[in-house]
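*Asks:* One-letter residues, chain by chain:
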Amino acid sequence: MLELVRGSLADILEVGPGTIAEGASFTDLGADSLALIELVEALERDLGGRFAGFRIDDEDLEDLKTVRDAVDYVVSKIGTSS
Amino acid sequence: MAEILDGLPVAVDAMGGDRAPAEIVIGARQAAQELGIPVLLVGDPAYLRTLAPQPGVEILAASEVIGMDEDPGRAVRVKRDSSLVRCAEAVREGRACAMVSAGNTGAAMASALLRMGRLPGVSRPAIATVIPVPGSTPTILIDSGANVDCTPPMLVLFAQMGWALATERFGIREPRVGILSIGEEATKGNALVKEAHVLLEGGAAGPDVHFIGNVEGRDVMSDRVDVVVTDGFTGNVVLKTLEGGVKAVVGGVLSALTADAEIKEAAKAVLPALTPLANELDPDTYGGAVLLGVEGVCVISHGSSGARAILNAVKVAHHAAADKLVGRIEAVIASGRG
Chain R
1 MLELVRGSLA
11 DILEVGPGTI
21 AEGASFTDLG
31 ADSLALIELV
41 EALERDLGGR
51 FAGFRIDDED
61 LEDLKTVRDA
71 VDYVVSKIGT
81 SS
Chain Z
1 MAEILDGLPV
11 AVDAMGGDRA
21 PAEIVIGARQ
31 AAQELGIPVL
41 LVGDPAYLRT
51 LAPQPGVEIL
61 AASEVIGMDE
71 DPGRAVRVKR
81 DSSLVRCAEA
91 VREGRACAMV
101 SAGNTGAAMA
111 SALLRMGRLP
121 GVSRPAIATV
131 IPVPGSTPTI
141 LIDSGANVDC
151 TPPMLVLFAQ
161 MGWALATERF
171 GIREPRVGIL
181 SIGEEATKGN
191 ALVKEAHVLL
201 EGGAAGPDVH
211 FIGNVEGRDV
221 MSDRVDVVVT
231 DGFTGNVVLK
241 TLEGGVKAVV
251 GGVLSALTAD
261 AEIKEAAKAV
271 LPALTPLANE
281 LDPDTYGGAV
291 LLGVEGVCVI
301 SHGSSGARAI
311 LNAVKVAHHA
321 AADKLVGRIE
331 AVIASGRG
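For the protein sequence lines, the chains are R and Z, in the order given. So the first sequence is numbered by the working numbering: it starts at 1 and just counts up by one. So the second sequence is numbered by the working numbering: it starts at 1 and just counts up by one.
No wet-lab data here; the hints were simulated from the structure. Here a beta-carbon is modelled for each residue, glycine too, at the ideal position from N, C-alpha and C. Just so you know, not all the hints are guaranteed correct.
Unchecked claim - Here are some, though not all, of the chain R residues that point toward chain Z, as calculated from beta-carbon distances under 10 Å:
hint, residue
1, Asp11
2, Glu14
3, Val15
4, Val40
5, Asp58
6, Val75
Unchecked claim - Residues on chain R that point at chain Z, a partial pick, calculated with CB under 8 Å:
hint, residue
7, Leu34
8, Ile37
9, Glu41
Model the full assembly from the supplied sequences, consistent with the hints where possible.
*Replies:* Structure, rendered in structure tokens:
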């Protein structure tokens, strides 16, 4: 899952995936709110096919500050998807 | 009435803007009637279906509207049936050749970005605004507000995209690209400008982009340069300053010419000569700004746009699609890599 988040974010920010540390904050990576929404939509597209009903709640976006936060959140959401 | 042109329509966000939907719809219908450009009016079906049928005008229903004050990214996520989102989807799905909106600028950008996607090599799309140069070809100012904080590679990207637009919009064979700074010398400027200058001087934008070096604020409305590159914060300040400055000067001249009955009478001989200049300086003449860097054509008109601005925006959007603006941007970005 870390590689999926890292890869999606790398595509959005036009950087190499290896430059995105697991503990890096989105702010430090230069990802603004729109980039975060791009990330969310990319993850929903990639994971929605594998896990029916997978969706990231907009209310939870504010709590996602780092790459690790996003990975942990996605894993927890997959666990609750039908 | 003009014969309707072949090809895909321009999707028009009928619900976006201070004067929507009435003025937006009038402008779009005029574009079909007078220019033959097919349009796809996107918005409230209950309203749009009250309109008399017209050749070249189709309707696409959208039940929601993104307000001017809504958070752009969130609004695009939540209001999936909004007129803005449906316009961008129509372009993505090949039902429209371009989109026009006078609605929430941030949401228009977000819709285009999230639904059309970014072009390869584009880290961040930018807004390009046409600045009138009386008696000469307008200047393109990029970025005029999309990206407040920029990096040197982003300015190189803006140079490339602005260059592509200048070739398409004004048919300039070798647009002169300058970077906005506080002096002409290469040593002048902040760290961002100096680093971007080095990159552009070194050919980072590719062999076709003719970089002329630093330009100053006073050059923006001159014929010295065709594309002025800057970060979005500075670009927006420049844009609003010019708008306010031109408005103040025009207002002052009109006041002077109508100061009293005698002057007003004499001015009748002069005012008609000023009409072409007035049109040149009127933002409605240019239709709107163009969002560059997404996989489709997106024209963002001013929120106060009336019918004339929308007609011109549709014309600009249609021309950009017909002249393959997106392909030009892709090509110049590819030429600058490696």
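*Asks:* All hints are to be evaluated individually against the structure, with a verdict given for each.
*Replies:* Do the hints match the structure? See the list:
1. Asp11: OK, holds: R:Asp11 within 10 Å of chain Z, min 9 Å.
2. Glu14: Nearest chain Z Cβ about 4 Å off; hint holds.
3. Val15: Given a least distance of 8 Å, the restraint on R:Val15 holds.
4. Val40: Holds, because the Cβ-Cβ distance from R:Val40 to chain Z comes to roughly 8 Å (cut-off 10 Å).
5. Asp58: Holds. Min distance 6 Å.
6. Val75: violated (21 Å)
7. Leu34: holds (5 Å)
8. Ile37: holds (4 Å)
9. Glu41: At about 6 Å, which falls below the 8 Å cut-off, the nearest Cβ of chain Z leaves the hint on R:Glu41 intact, so it holds.
Checked against the numbered hints listed earlier, the structure breaks hint 6 alone; every other hint is satisfied.
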